[in-house]
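Engineer: Take a look at the letters that make up each chain.
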Amino acid sequence: MKESAILQCDDVTVEFDGFKAVQGMSLKLEKGELRFLIGPNGAGKTTMLDVICGKVRPSAGKVTFGGKVDITRKKEHQIAELGIGRKFQAPSIFPSMTVSENLEIAMRQKRSVFATLFARMEVEERERMDQQLAMIGLQDKAAKRAGGLSHGEKQWLEIGMMLLQEPEILLLDEPVAGMTDKETDKTGELLSQIARKRSIVVVEHDMEFVRNFASKVTVMHEGKLLKEGTMDEVQGDERVAEVYLGKRRDADVSRSTA
Amino acid sequence: MRLQKLTPQRIWILAGYAATAAALFSAPLFISDFRLNLLAKFLAFAIVALGLDLIWGYTGILSLGHGIFFGLGAYAMAMYLKLEASGGKPPDFMGWSGLKELPLFWKPFEYFGFAVAMGIIIPALLALVLGYFTFRNRIRGVYFTILTQALVIITTTLLIGQQAFTGGTNGVTGYSTILGFSLGSPDTKRVLYWITAAALIAIFAGCRIVIGSRFGKVLRAIRDGENRVRFIGYNPAVYQMVIFTLSAAIAGIAGMLFVLHVGIISPSMLGIVPSIEMVLWVAIGGRGTLIGAVLGAILMNWAKSEFSTAYPEGWLFFMGALFVVVVVFMPKGVAGLAGQLKFRRKRREPDHEGVRNPAV
Chain D
333 MKESAILQCD DVTVEFDGFK AVQGMSLKLE KGELRFLIGP NGAGKTTMLD
383 VICGKVRPSA GKVTFGGKVD ITRKKEHQIA ELGIGRKFQA PSIFPSMTVS
433 ENLEIAMRQK RSVFATLFAR MEVEERERMD QQLAMIGLQD KAAKRAGGLS
483 HGEKQWLEIG MMLLQEPEIL LLDEPVAGMT DKETDKTGEL LSQIARKRSI
533 VVVEHDMEFV RNFASKVTVM HEGKLLKEGT MDEVQGDERV AEVYLGKRRD
583 ADVSRSTA
Chain X
1266 MRLQKLTPQR IWILAGYAAT AAALFSAPLF ISDFRLNLLA KFLAFAIVAL
1316 GLDLIWGYTG ILSLGHGIFF GLGAYAMAMY LKLEASGGKP PDFMGWSGLK
1366 ELPLFWKPFE YFGFAVAMGI IIPALLALVL GYFTFRNRIR GVYFTILTQA
1416 LVIITTTLLI GQQAFTGGTN GVTGYSTILG FSLGSPDTKR VLYWITAAAL
1466 IAIFAGCRIV IGSRFGKVLR AIRDGENRVR FIGYNPAVYQ MVIFTLSAAI
1516 AGIAGMLFVL HVGIISPSML GIVPSIEMVL WVAIGGRGTL IGAVLGAILM
1566 NWAKSEFSTA YPEGWLFFMG ALFVVVVVFM PKGVAGLAGQ LKFRRKRREP
1616 DHEGVRNPAV
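Sequences listed follow chains D and X, in order.
One gets my numbering by counting positions in the first sequence from 1 and adding 332 to each.
One gets my numbering by counting positions in the second sequence from 1 and adding 1265 to each.
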């Protein structure tokens, strides 16, 4: 097997006021991999994404991008420029701007003040945006204020923005939350398609979705790596069943007695 | 995006601009010298409002310190005018404080070009330094606003305390000529009015270009979600510094023009109250629209001048009532009125923008 890890996290530890949200977590992501990150609430999944995109600084450990760049010392916008895109759990688009303006500024381009001040919309850029609009199904709403879109449409817009950013690695936090079954399937297919060229890490709670589209799954529990493998391997693992499904059963019980 | 199609709506807007510009330039023909002088002052205020709208309306950063940037521009021009009046000798107020020699930093203000350059550079530099230390350290929102207020207090205290150098509470006044032309003559006043109108139109056009560019879109994105902008790959701090500096430079230009029309600058004209008033002009006119900022500044100052002449006793109540009416009935300011009426006629989806971002 050739060594083509695009992202490598070694012994990452994150502390919030003494509480260790992530403890010695390691993660290796190959080029063109679609990886699912699952685990019960509070397992540290989102924190892991925060570390990779620079939102949170780890207290120990190293995150290497592309085999050489240590990104734990870099600023968020530098990491984004290196090629790591992030989609947050709550759709975060720019509500007062139109759909196409949202896409326009997200698009891969020079990001300095000088460059944006004199930027003109190239034909090629216009075409790329139109393609993206069609793909996310918002071509009729291009001139609408993004704040007026439905929840699902906002999710799509954000995915579209991230794709135009053309990152090497896409980090998605619960991308199908609030989507209909049909939209969820569409998202899954889109992700598998994208994963041919890029690498993706998805944090997800929707087990159905994970089962349908996951090739490799990483299970986290209490900030630590619990199990890594195919969906079948993970489902067959006793410890996973205990912490993950066990918790879920408890939750069901408490709900029914409440 | 520069080659936009000439839709009927755009033609109307362009015609409106052309008509307004024509009206501004021909104003000396049909209003008295006294009113022209007032209008000139209001136009200078409209220029600050434009600068303030760039940083507050479009980037979402509330500065309550623009009086200082305005004032620094004004003082730079005032120093030149004072030195021209005194013929290069130490101005009168220095003598009263026992200062015999002209201080070194006053000397170059003898030159008009230097004074004008400083009237832009000093406020811009001050804004850049403040912006560098705040935006880079992600100080924002109300904390940034408080810092700008602190800047106002520090600067006014300094201006009042250093009476020998600044004229203290009285400020700098008693000018005679500008580049040899008498400031009192109606001809000079008319030319100065035209210069102010031209400056306003040029700065308005410049702001439109900035706002319409992709740079302007990034600014609006920063207003909507600074963090999200960061994760796209832009460094918001640099954008904020640039726009804050530009905004301060524009305020400096306005201050220079103001002194030419009013003939005095003193610490009370750039303190906390004027700084807040400037924000109110933008809020009343409609933040986030350039025309709103201009309308707000002119309308508010015109109302203030009219009310205070007509009702010397109760004019403040009228101003207060005006605020209440605008805040309650025009959440997007005067400039948002047209859109509001259109919405009412078409009965389309209610606009929540105003509720989330009230004018004041």
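No wet-lab data here; the hints were simulated from the structure.
No residue lacks a Cβ here, since even glycine has one placed at the ideal position from N, Cα and C.
Treat the hints with care, since some could be wrong.
Facing chain X, according to a computed beta carbon distance under 8 angstroms, are these residues of chain D, among others [what the hints assert, rightly or not]:
no. : residue
1   : Thr396
2   : Gly399
3   : Ala412
4   : Pro427
5   : Arg443
6   : Thr448
7   : Ser482
8   : Glu485
9   : Leu558
Straight-line distance between alpha carbons at most 25 angstroms, and here's what the computed DMTMM-like set of lysine to aspartate or glutamate pairs gives [stated by the list, open to error]:
no. : chain 1 : residue 1 : chain 2 : residue 2
10  : D       : Lys407    : X       : Asp1489
11  : D       : Lys473    : D       : Asp462
12  : D       : Lys529    : D       : Asp402
13  : D       : Lys442    : X       : Asp1489
14  : D       : Lys387    : X       : Asp1452
15  : D       : Lys548    : D       : Asp349
16  : D       : Lys476    : X       : Glu1578
To give an idea of the interface, some chain X residues facing chain D are shown, with a C-beta separation under 8 angstroms as derived from the structure [stated by the list, open to error]:
no. : residue
17  : Ile1386
18  : Phe1398
19  : Arg1479
20  : Phe1480
21  : Gly1498
Engineer: All hints, please: hold or fail.
Structural biologist: How the hints compare with the structure:
no.: 1; hint: Thr396; result: violated (20 angstroms)
no.: 2; hint: Gly399; result: violated (21 angstroms)
no.: 3; hint: Ala412; result: holds (4 angstroms)
no.: 4; hint: Pro427; result: holds (6 angstroms)
no.: 5; hint: Arg443; result: holds (5 angstroms)
no.: 6; hint: Thr448; result: holds (4 angstroms)
no.: 7; hint: Ser482; result: violated (12 angstroms)
no.: 8; hint: Glu485; result: violated (15 angstroms)
no.: 9; hint: Leu558; result: violated (28 angstroms)
no.: 10; hint: D:Lys407 / X:Asp1489; result: holds (20 angstroms)
no.: 11; hint: D:Lys473 / D:Asp462; result: holds (12 angstroms)
no.: 12; hint: D:Lys529 / D:Asp402; result: holds (23 angstroms)
no.: 13; hint: D:Lys442 / X:Asp1489; result: holds (21 angstroms)
no.: 14; hint: D:Lys387 / X:Asp1452; result: violated (61 angstroms)
no.: 15; hint: D:Lys548 / D:Asp349; result: violated (33 angstroms)
no.: 16; hint: D:Lys476 / X:Glu1578; result: violated (49 angstroms)
no.: 17; hint: Ile1386; result: violated (19 angstroms)
no.: 18; hint: Phe1398; result: violated (17 angstroms)
no.: 19; hint: Arg1479; result: holds (4 angstroms)
no.: 20; hint: Phe1480; result: holds (4 angstroms)
no.: 21; hint: Gly1498; result: holds (4 angstroms)
The structure is inconsistent with the numbered hints 1, 2, 7, 8, 9, 14, 15, 16, 17 and 18, although it conforms to all the rest.
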